[in-house]
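Here the sequence shown is numbered in our numbering, starting from 610 and rising by one per residue.
Take the hints with a grain of salt, since some may be wrong.
[As the list claims (entries may be wrong)] Derived Cβ-Cβ restraints for the label pairs, each shown as a range: (1) 913 with 786: 35 to 45 Å; (2) 720 with 865: 20 to 30 Å; (3) 902 with 720: 38 to 48 Å.
These are calculated hints, taken from the structure and not from any lab test. We put the CB at the ideal spot given by N, CA and C, even for glycine.
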Amino acid sequence: MRLRRLGGLEVPALGYGAMVLSPGMYGLTDEDAGIAALHHLVDAGAGFIDTSDAYGRDSHNELLVGRALRERREDAVVATKFGFRFPPDATPHLVPTTFSRREVLVNTEPRYVRQYALASLARLGIERIDLWYPHFPDPEVPIEETVGAMVDVVAEGLVAHIGLSNVTAEQLRRACLVHAVAAVQVEWSLWTPIDAELLAVAGEHDVGIVAWSPLGGGFLTGTVIGLAEDDFRTNFDRFSPENLASNNERYTPLRAVAEQLGITPGQLALAWLLHQHPAVVPIPGSRRPAHIDENLAAASIELSAADLSAVDRARSAFTPAGRALM
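Take these sequences, add in the hints, and give me the full structure.
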């Protein structure tokens, strides 16, 4: 697996979004299968694993990742996020999102930041978090205050690198004045462009880009026809039954490009993204080893200028129905 740099952190060019391994995210899951998927990923040399205290009931995802890495810690770069699992005495702060069926409540007040780190470390069973993000910027807390508290945790040796997730260009710019930021995590894919100003600010400050949902929540694999009721994606406008049917029809030109290149639609989506920026690291998630291998193979796909032009032409005919995931 080729490597890329996120600020001062070196990681595989394709990471892994572990959210899919927890119940209530993408339907039913099997604990042993989840651990097997993580072991398969690490065996393939692609152990850049992204999790969060928010994934799964009672932070199930961090616990699962911890179990899987119990004897494989040296083979993985572990990234996690905080802000959702706040103490009972903390005031919930509402984050504006496009979610259709649930509220997003966070608290990243400085007084709670260290205990978030300690809780994640305990669940993961590790001594230091490699890359640590506030999951969402807190609308009631200046980003400088949250990052300032994170700096103290770095100084203590509990965290190696600071990241930011779902922030604006201005928030990233202000945070970089407090401390070096290794990566900003943002939605970016063939059906959701990155904010140009955010990308520019990241470049100015040597901040890498971790692209969440690089497969459009699985849509860009060309295999999502319908969703179970307990699937997390039912919260998103683009996955409503009407919009999903429309989007599958609109996606036909891009599927055709993948077919012409002899690769899968998902591989095209990942390879295209890797060609957009030298410091972008997509983090697709999959529960099946065969799908993990398919995703990882995308890191070796070279797209010519003509190939990228063909993708751009197909993209111009693909205007997704419904709002972006965030």
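Verification of the hints:
1. 913 with 786: 35 to 45 Å: holds (40 Å)
2. 720 with 865: 20 to 30 Å: About 54 Å separates the Cβ atoms of residue 720 and residue 865, which means 20 to 30 Å is violated.
3. 902 with 720: 38 to 48 Å: holds (44 Å)
Comparing the model with each numbered hint stated earlier shows that hint 2 is the single one that does not hold.
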